[in-house]
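Number of protein chains: 2
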Amino acid sequence: MNIGEVSKQADVNSKMIRRYESLGIIPKATRSEAGYRQYTENDVHVLKFVKHAREMGFSMKDIKQLVSLWKNKNRPSAQVKSIATKHILELEKKRDEIAAMLLTLNQLVKSCKGDNRPECPILDGIGCH
Amino acid sequence: MNIGEVSKQADVNSKMIRRYESLGIIPKATRSEAGYRQYTENDVHVLKFVKHAREMGFSMKDIKQLVSLWKNKNRPSAQVKSIATKHILELEKKRDEIAAMLLTLNQLVKSCKGDNRPECPILDGIGCH
DNA sequence: TTAAACCTTCCCTTAATGGGAAGGTCAATA
DNA sequence: TATTGACCTTCCCATTAAGGGAAGGTTTAA
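As given, the protein sequences belong to chains A and B, one line each in that order. Numbering-wise, this note's numbering comes out as the position in the first sequence, counting from 1, plus 59. Numbering-wise, this note's numbering comes out as the position in the second sequence, counting from 1, plus 59.
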């Protein structure tokens, strides 16, 4: 399979496939005589794993480790759990930050008439805070 | 005031002050003979506004507009409200995405023993999805 | 007069995704 | 057979927000 075909099957942009390779997340593809990257069904499988990990918000670094653990049939599940738990904490932090922003913003927007007049509690709110 | 002093007073890194200037978010500072940027109390005020807007997650583009509206005493508050509302929608989208990730991840982490054995529902979950 | 504490500009790095250029390859069709 | 279009390659650039660090000029105080 050429890169275009894996890309379609795994639903991962070819640019990203090359990038994952350069980051060492997936192994270097073998090449055809002309230098084209060659892939197999198994590569589709790996790319789908990477894609799902991305969808869960894992960083490239985490994904590199996760793929490696995934392939290692002797891994201790504790290592996987540790990565996931750390990620959960980061997501919770982001979630809380966004929640705080929304709390403030919703209050301000609610109290702003949003008409042709200049009075604006939103600007006041940002200005004073 | 030199940049270091405004930086302290507004609690905004000097690197960022220069950047805001280069982005047109704040006006170009006047310079001393030696080329040092010179600031006044009012600049501190503006920088604090920018800082608070950043804390609410507004993008640089939005902040540029917000500062301009803030300074324009004839602004229609509708314009401000529109920017804020759009931002709220984006934050809500991010919040929902994070919530979805957390839902999945928490389930997976809960079901993973996290010991020395290789069985790992987290990896299975990412792999199959 | 020298040293420290500032200031200046310029380039680099982070993270993830992708656009686009310049050029090589392959397959089908005229 | 020649050409065309679709595909592939690498390389550089942009995005976003924040800042590190270098190389060099300025100010001030000891």
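Just so you know, the hints here were simulated from the structure itself, not pulled from any lab data. Any given hint could turn out to be false.
Identical copies go unnamed one by one, so any copy, or any two together, can satisfy a pair.
Computed cross-link-like contacts, DSSO-like style, restricted to lysine-lysine with a CA-CA straight-line distance of at most 27 Å [claimed, not checked]:
{"id": "1", "residue 1": "Lys169", "residue 2": "Lys140"}
{"id": "2", "residue 1": "Lys74", "residue 2": "Lys172"}
{"id": "3", "residue 1": "Lys132", "residue 2": "Lys153"}
{"id": "4", "residue 1": "Lys153", "residue 2": "Lys140"}
{"id": "5", "residue 1": "Lys67", "residue 2": "Lys123"}
{"id": "6", "residue 1": "Lys152", "residue 2": "Lys130"}
{"id": "7", "residue 1": "Lys110", "residue 2": "Lys152"}
{"id": "8", "residue 1": "Lys123", "residue 2": "Lys172"}
{"id": "9", "residue 1": "Lys132", "residue 2": "Lys152"}
{"id": "10", "residue 1": "Lys120", "residue 2": "Lys152"}
{"id": "11", "residue 1": "Lys120", "residue 2": "Lys107"}
{"id": "12", "residue 1": "Lys169", "residue 2": "Lys123"}
{"id": "13", "residue 1": "Lys132", "residue 2": "Lys172"}
{"id": "14", "residue 1": "Lys87", "residue 2": "Lys169"}
{"id": "15", "residue 1": "Lys74", "residue 2": "Lys87"}
{"id": "16", "residue 1": "Lys130", "residue 2": "Lys172"}
{"id": "17", "residue 1": "Lys120", "residue 2": "Lys140"}
{"id": "18", "residue 1": "Lys67", "residue 2": "Lys145"}
{"id": "19", "residue 1": "Lys169", "residue 2": "Lys74"}
{"id": "20", "residue 1": "Lys67", "residue 2": "Lys169"}
{"id": "21", "residue 1": "Lys140", "residue 2": "Lys74"}
{"id": "22", "residue 1": "Lys140", "residue 2": "Lys123"}
{"id": "23", "residue 1": "Lys123", "residue 2": "Lys153"}
The hints, checked one at a time:
Within a single copy, Lys169 and Lys140 get their C-alpha atoms only as close as 42 Å, which misses the 27 Å cut-off; across copies the closest is 9 Å, which meets it. With identical chains, the CA atoms of Lys74 and Lys172 are never at most 27 Å apart, being 47 Å at best within one copy and 36 Å at best between copies. For a Cα distance limit of 27 Å, the shortest separation of Lys132 from Lys153 qualifies neither inside one copy, at 33 Å, nor across copies, at 35 Å. For the homomeric pair Lys153 and Lys140, the shortest alpha-carbon distances inside one copy (20 Å) and between copies (24 Å) are both at most 27 Å.
With identical chains, the CA atoms of Lys67 and Lys123 are at most 27 Å apart within one copy only, with a shortest distance of 22 Å there and 40 Å across copies. Taking CA atoms no more than 27 Å apart as the test, Lys152 paired with Lys130 passes in neither setting, with 30 Å inside one copy and 34 Å between copies. Taking the closest pair of Cα atoms, Lys110 and Lys152 come within 27 Å of each other both inside a single copy (23 Å) and across two copies (20 Å). When the C-alpha separation of Lys123 and Lys172 is checked against a cutoff of 27 Å, the pair qualifies only between copies, where the shortest distance is 22 Å, while the shortest distance within a copy is 50 Å.
In this homomeric assembly, Lys132 and Lys152 never come within 27 Å of each other (Cα to Cα): the closest approach is 32 Å inside a single copy and 37 Å across copies. Proximity of Lys120 to Lys152 under the C-alpha cut-off of 27 Å is found in both arrangements, the shortest distances being 19 Å within a copy and 25 Å between copies. In this assembly of identical chains, the alpha carbons of Lys120 and Lys107 lie at most 27 Å apart only when taken from the same copy (17 Å versus 35 Å across copies). For a Cα distance limit of 27 Å, the shortest separation of Lys169 from Lys123 across copies, 22 Å, qualifies, whereas the shortest one inside one copy, 45 Å, does not.
Taking identical chains as interchangeable, the C-alpha atoms of Lys132 and Lys172 lie at most 27 Å apart only when they sit on different chains, with a minimum of 16 Å there against 61 Å within one chain. In this assembly of identical chains, Lys87 and Lys169 lie within 27 Å of each other by CA distance neither inside one copy nor across copies; the values are 54 Å within and 34 Å between. When the C-alpha separation of Lys74 and Lys87 is checked against a cutoff of 27 Å, the pair qualifies only within one copy, where the shortest distance is 14 Å, while the shortest distance between copies is 40 Å. Taking the shortest alpha-carbon separations for Lys130 and Lys172, only the inter-copy value of 19 Å comes in at or below 27 Å, while the best intra-copy value is 58 Å.
For the homomeric pair Lys120 and Lys140, the shortest alpha-carbon distance inside one copy (15 Å) is at most 27 Å, but the shortest distance between copies (39 Å) is not. With identical chains, the CA atoms of Lys67 and Lys145 are never at most 27 Å apart, being 32 Å at best within one copy and 34 Å at best between copies. For the identical chains of this complex, Lys169 and Lys74 are neighbours neither inside a copy (43 Å) nor across copies (35 Å), given an alpha-carbon limit of 27 Å. Taking the shortest Cα distances, Lys67 and Lys169 never come within 27 Å of each other, neither inside one copy (45 Å) nor across copies (33 Å).
Taking CA atoms no more than 27 Å apart as the test, Lys140 paired with Lys74 passes in neither setting, with 30 Å inside one copy and 39 Å between copies. In this homomeric assembly, Lys140 and Lys123 come within 27 Å of each other (Cα to Cα) only inside a single copy, at 15 Å, whereas the closest approach across copies is 43 Å. In this assembly of identical chains, Lys123 and Lys153 lie within 27 Å of each other by CA distance both inside one copy and across copies; the values are 22 Å within and 24 Å between.
In this structure, the earlier hints numbered 2, 3, 6, 9, 14, 18, 19, 20, 21 are contradicted, and the remaining ones agree with it.
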